[in-house]
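Chains as they are written, first to last, in my numbering: chain A, 139 to 481; chain B, 139 to 481.
Careful, some of the hints might be misleading.
Since the list can't tell identical chains apart, any single copy or any two copies may satisfy a pair.
Stated by the list, open to error - Heads up, simulated SDA-like pairs for lysine to any residue below, C-alpha to C-alpha not over 20 Å straight-line:
#, residue 1, residue 2
1, Lys-205, Val-366
2, Lys-467, Asp-245
3, Lys-468, Val-421
4, Lys-205, Glu-315
5, Lys-467, Gln-424
6, Lys-468, Ser-444
7, Lys-475, Asp-425
8, Lys-205, Asp-245
9, Lys-389, Glu-217
10, Lys-475, Leu-423
11, Lys-309, Glu-365
12, Lys-320, Val-414
13, Lys-468, Trp-213
14, Lys-467, Cys-426
15, Lys-418, Gly-263
16, Lys-468, Gly-359
17, Lys-301, Gly-246
18, Lys-418, Gly-453
19, Lys-475, Ile-454
20, Lys-468, Asp-425
21, Lys-475, Val-421
22, Lys-298, Val-481
23, Lys-298, Thr-321
24, Lys-467, Asp-404
25, Lys-316, Pro-290
26, Lys-418, Ser-451
27, Lys-418, Ile-454
No lab work stands behind these hints: they were computed from the structure.
Protein chains: 2
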Amino acid sequence: MSGGELYGLIMAGGRGTRFWPVSTRSNPKQFLNLLDDSTMLQMTAERLRGLCPDDHVLVVTGSSYRKTVAAQLPWIPEENVLLEPMGRNTAPCIAWGAQALSRRAPDGAVMLVVPSDHSIDDKAGFESTVRVAVNAAEKGYLTTIGVPPTRPATGYGYLKRGKRIMDGAWKVAEFKEKPDLKTARDYLDQGCYLWNAGMFVWKVEEIIGSMRSFLPDLAEGVAGLGEVTFPSADRYRELPSVSVDYGIMEKASNVAMVEALFGWDDVGDWPAMRRVGVRKGEVILQDCGSCTVYGPGRLTVLLGMSDCSVVHSNGITLVMSDEHAQDLKKLVARLEKERPDLV
Amino acid sequence: MSGGELYGLIMAGGRGTRFWPVSTRSNPKQFLNLLDDSTMLQMTAERLRGLCPDDHVLVVTGSSYRKTVAAQLPWIPEENVLLEPMGRNTAPCIAWGAQALSRRAPDGAVMLVVPSDHSIDDKAGFESTVRVAVNAAEKGYLTTIGVPPTRPATGYGYLKRGKRIMDGAWKVAEFKEKPDLKTARDYLDQGCYLWNAGMFVWKVEEIIGSMRSFLPDLAEGVAGLGEVTFPSADRYRELPSVSVDYGIMEKASNVAMVEALFGWDDVGDWPAMRRVGVRKGEVILQDCGSCTVYGPGRLTVLLGMSDCSVVHSNGITLVMSDEHAQDLKKLVARLEKERPDLV
């Protein structure tokens, strides 16, 4: 029982405001080489090359990033880059991608959906995990990848493991919102909670059917976009802005989870960078605790500092306490009004 | 009863390691324009111009700074720049300067001794204060300038005000070492303790006589330096390294204090800079407490930071907690071994 060939959908529409000043409106996080010589988008696409041919990879991004994607992923055919007139959360982007694939593979396809700006430490483990997820998807499951937690993270949603379906796959007993620290510690102790990594594998026909059931307005709206890579902004704006987790996964009954055989981090803010190894530039530390430094080409010297991030980019230096990392969005919003040249 | 004309002696030999990375071995604090377009040495020299003619100002500095002093103070005659082969604290530098003046003004002179790297907020008040001190000096007193404290500073020595001598001048009842915070608060409450600002006015013959009484080895050693602006390193090294406060002022009985009619700060480290208004560059703050930023030409953005200094210079950024400001000397000492190119 095959679901057809595997296709990949890379979601690359984010703004990445929590990585200002390196990440800006014109050059957000997924297009930056924060971790490595390659950008996060390039690393994401590279991970898919072992799983499906280059012309089976779609990228959904903002229309203003067309040239950036073409420059960073020259091997992806132009017609595989879907340009959103504006971001409308994950469900519209996935529904649109699924529709495009249903036209290309009318006899059926399996699709893998991945964000473009996460860190994954083991390409082979990723491939093995996806192959297990493809098996579950071919059985008709909407499959999500759960990452065994390594710390009591409060910044992620969790999946509660349910009944075993097959080797390496389980039903999802429950979706859990971001927990408080106490709850996150309980989850870590109990062992049956995994991080929701926002990566999905399913048959194209299955996700389209689920959209029709749970988000009929979205299914109808996407059908009206036509067979284009840059749809009408007026029509796209009308699509309901909802996440695929909330709109589909939490409502469907045929939801499965496979356990990630790789280390994962969503690298959500500057403090997270110290877990994944950012490009520091040269750094000298004395009497310091945990700090993030980003600044290729600059020498950063920290004396007696802890729990903060120091980021250099284009003549700007940001120094931010960890406690306030979530407020960087607010600061960027303020700068958008006061100093739009900086963001 | 005149003591003769007024001469100035500017002590400009400091290393300024507590201002790294802006201050370096080749360009220490007194030669930097940290506060203003002028350097601290230039501001110091400018303050003396209302008090004595340009050719009455001597500068004592390290021999490697000869060209820097000439460039920053072109109006000072070359023969007025005394070049120390190495720093030996304040007493040798002052004794040597006094000897030079006794040759130039054999009929007697009054000398004003000032550090080159302090901040003084009121030139007219400074001049008035010096004039009072000159009166006391002409009466034979070794006169020091006391600054009424504005906060319970633990980084300064204190002078206890004694019996009134004349208008604006008192005996010094006691010299006090740097106090702990509780003691500093007591001093502030009691009102009879003033900061020892390390500025002195005395007759040349009086300080030379006092050197002979209290530091005879020094007096003899200085006499052996000869009439040169760059003495033998071997001879200079033999001079006892002692401060004029400890070596003379705390021992002599004819010590007077005049009260400063100006605001003063020794600007001893980066945290002190926020009291005197450093050249920040452009700064954006959100949810911040007290911080120092120095970085002309750079934009510094602080989010949720308090009690720290951020300093940019020549491709280096230092971020330092206030608690560790005193450890910057240690860090620079470490870099002198590990990365001498940086200091």
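Quick rundown of the hints versus the structure:
Taking the shortest alpha-carbon separations for Lys-205 and Val-366, only the intra-copy value of 17 Å comes in at or below 20 Å, while the best inter-copy value is 71 Å. For a Cα distance limit of 20 Å, the shortest separation of Lys-467 from Asp-245 qualifies neither inside one copy, at 44 Å, nor across copies, at 72 Å. In this homomeric assembly, Lys-468 and Val-421 come within 20 Å of each other (Cα to Cα) only across copies, at 17 Å, whereas the closest approach inside a single copy is 28 Å. Taking the closest pair of Cα atoms, Lys-205 and Glu-315 never come within 20 Å of each other, the shortest separation being 36 Å inside a single copy and 67 Å across copies.
In this assembly of identical chains, Lys-467 and Gln-424 lie within 20 Å of each other by CA distance solely across copies; the values are 12 Å between and 30 Å within a copy. For the identical chains of this complex, Lys-468 and Ser-444 are inter-copy neighbours only, at 19 Å across copies versus 23 Å inside a copy, given an alpha-carbon limit of 20 Å. For the identical chains of this complex, Lys-475 and Asp-425 are inter-copy neighbours only, at 18 Å across copies versus 38 Å inside a copy, given an alpha-carbon limit of 20 Å. When the C-alpha separation of Lys-205 and Asp-245 is checked against a cutoff of 20 Å, the pair qualifies neither within a copy, at 32 Å, nor between copies, at 83 Å.
In this assembly of identical chains, the alpha carbons of Lys-389 and Glu-217 never lie at most 20 Å apart, being 32 Å within a copy and 90 Å across copies at closest. Taking identical chains as interchangeable, the C-alpha atoms of Lys-475 and Leu-423 lie at most 20 Å apart only when they sit on different chains, with a minimum of 15 Å there against 36 Å within one chain. Taking the shortest alpha-carbon separations for Lys-309 and Glu-365, neither the intra-copy value of 35 Å nor the inter-copy value of 95 Å comes in at or below 20 Å. In this assembly of identical chains, Lys-320 and Val-414 lie within 20 Å of each other by CA distance neither inside one copy nor across copies; the values are 24 Å within and 46 Å between.
Neither within a single protomer nor between protomers do Lys-468 and Trp-213 lie at most 20 Å apart by alpha-carbon distance, with minima of 37 Å and 53 Å respectively. With identical chains, the CA atoms of Lys-467 and Cys-426 are at most 20 Å apart between copies only, with a shortest distance of 16 Å across copies and 26 Å within one. With identical chains, the CA atoms of Lys-418 and Gly-263 are never at most 20 Å apart, being 27 Å at best within one copy and 49 Å at best between copies. When the C-alpha separation of Lys-468 and Gly-359 is checked against a cutoff of 20 Å, the pair qualifies neither within a copy, at 32 Å, nor between copies, at 66 Å.
When the C-alpha separation of Lys-301 and Gly-246 is checked against a cutoff of 20 Å, the pair qualifies neither within a copy, at 28 Å, nor between copies, at 102 Å. In the homo-oligomer, the alpha carbons of Lys-418 and Gly-453 lie at most 20 Å apart both inside one protomer (16 Å) and across protomers (14 Å), since each shortest distance falls under that limit. Taking CA atoms no more than 20 Å apart as the test, Lys-475 paired with Ile-454 passes inside one copy only; the shortest distance there is 18 Å, against 30 Å between copies. With identical chains, the CA atoms of Lys-468 and Asp-425 are at most 20 Å apart between copies only, with a shortest distance of 11 Å across copies and 31 Å within one.
Taking the shortest alpha-carbon separations for Lys-475 and Val-421, only the inter-copy value of 16 Å comes in at or below 20 Å, while the best intra-copy value is 33 Å. Neither within a single protomer nor between protomers do Lys-298 and Val-481 lie at most 20 Å apart by alpha-carbon distance, with minima of 39 Å and 56 Å respectively. Proximity of Lys-298 and Thr-321 under a CA criterion of 20 Å is satisfied intra-copy only: 13 Å inside one chain copy versus 61 Å between copies. For a Cα distance limit of 20 Å, the shortest separation of Lys-467 from Asp-404 inside one copy, 17 Å, qualifies, whereas the shortest one across copies, 40 Å, does not.
Proximity of Lys-316 and Pro-290 under a CA criterion of 20 Å is satisfied intra-copy only: 11 Å inside one chain copy versus 48 Å between copies. Within a single copy, Lys-418 and Ser-451 get their C-alpha atoms as close as 12 Å, and across copies as close as 18 Å, so both meet the 20 Å cut-off. For the identical chains of this complex, Lys-418 and Ile-454 are neighbours both inside a copy (15 Å) and across copies (13 Å), given an alpha-carbon limit of 20 Å.
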